[in-house]
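Asker: With the hints as constraints, model all of the structure from the sequences given.
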Amino acid sequence: MTKANNPLENNTPLDFVEKTIETYRQKLEEELENEKKRLLKEKEEAFNRLNLMEKNSIEKVEQEWYEKELAIKMRVSEREKQLHSQLNEVMETLKTSGRVARIVEEIVEEIVP
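When we follow our numbering, the leftmost residue of the sequence shown carries the number -16, and every step to the right adds one.
It is possible that some hints are incorrect.
Pair ranges (Cβ atoms, derived) [stated by the list, open to error]: (1) ARG32 x ALA54: 30 to 36 Å; (2) ALA54 x ILE86: 37 to 43 Å; (3) ASN34 x ILE94: 48 to 54 Å.
Restricting the straight-line Cα-Cα distance to at most 27 Å, the calculated cross-link-like pairs of lysine-lysine (DSSO-like) are [stated by the list, open to error]: (4) LYS38 x LYS24; (5) LYS51 x LYS64; (6) LYS26 x LYS10; (7) LYS43 x LYS26; (8) LYS19 x LYS2; (9) LYS26 x LYS38; (10) LYS78 x LYS64.
Worth flagging that the hints you see were computed from the coordinates, not collected in a lab. Each residue gets a CB set at the ideal place from its N, CA and C atoms; glycine is no exception.
Answerer: In structure tokens form, the structure reads like this:
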């Protein structure tokens, strides 16, 4: 092989440096792309976690609100039962007094269906 045909013998020190720099640049670009992909994946995972946390928070608040509304309805229902019971007691007491009982009964019928 002659000197002109052997590519290794045609390389100057500058060619070697340029090739080394180009190889290093390509390696850095590849690492940069890999890092970008990794960071994008981490960002997507973080958004997914945030969305899940938001969904869970909303569901938790909705459940708590439902439970509070249910408790209020139960208290109101219990209070209505107590009032009806007390009203019946008053009516029974007043029935013994005749005329007053009729007047009270009429009033109660207009107030409580």
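Asker: Taking only the CA atoms, is the gap from LYS19 to LYS2 under or equal to 27 Å?
Answerer: holds, 26 Å
Asker: Need the status of pair LYS78, LYS64: alpha-carbon distance at most 27 Å?
Answerer: Cα-Cα ~21 Å, so holds.
Asker: Starting from LYS26, check that the Cα of LYS10 is at most 27 Å away, please.
Answerer: holds, 24 Å
Asker: Within 48 to 54 Å or not, the Cβ separation of ASN34 and ILE94?
Answerer: holds, 53 Å
Asker: Is the hinted pair LYS43 and LYS26 satisfied, with a Cα-Cα distance of at most 27 Å?
Answerer: Judged against 27 Å, a Cα distance of about 25 Å means the pair holds.
Asker: Quick check: does the Cβ-Cβ distance between ALA54 and ILE86 fall within 37 to 43 Å?
Answerer: holds, 38 Å
Asker: LYS51 and LYS64: Cα distance at most 27 Å?
Answerer: It holds: about 20 Å lies between the C-alpha atoms, which stays within 27 Å.
Asker: Decide if the proposed pair is consistent with the structure: LYS38 and LYS24, CA atoms, cutoff 27 Å inclusive.
Answerer: Holds - the C-alpha atoms of LYS24 and LYS38 are around 21 Å apart, at most 27 Å.
Asker: CB of ARG32 to CB of ALA54, is that within 30 to 36 Å?
Answerer: holds, 33 Å
Asker: Check the hint pairing LYS26 with LYS38 against an upper bound of 27 Å on the C-alpha distance.
Answerer: holds, 18 Å
Violated hints for the displayed structure: none, as all numbered hints are satisfied.
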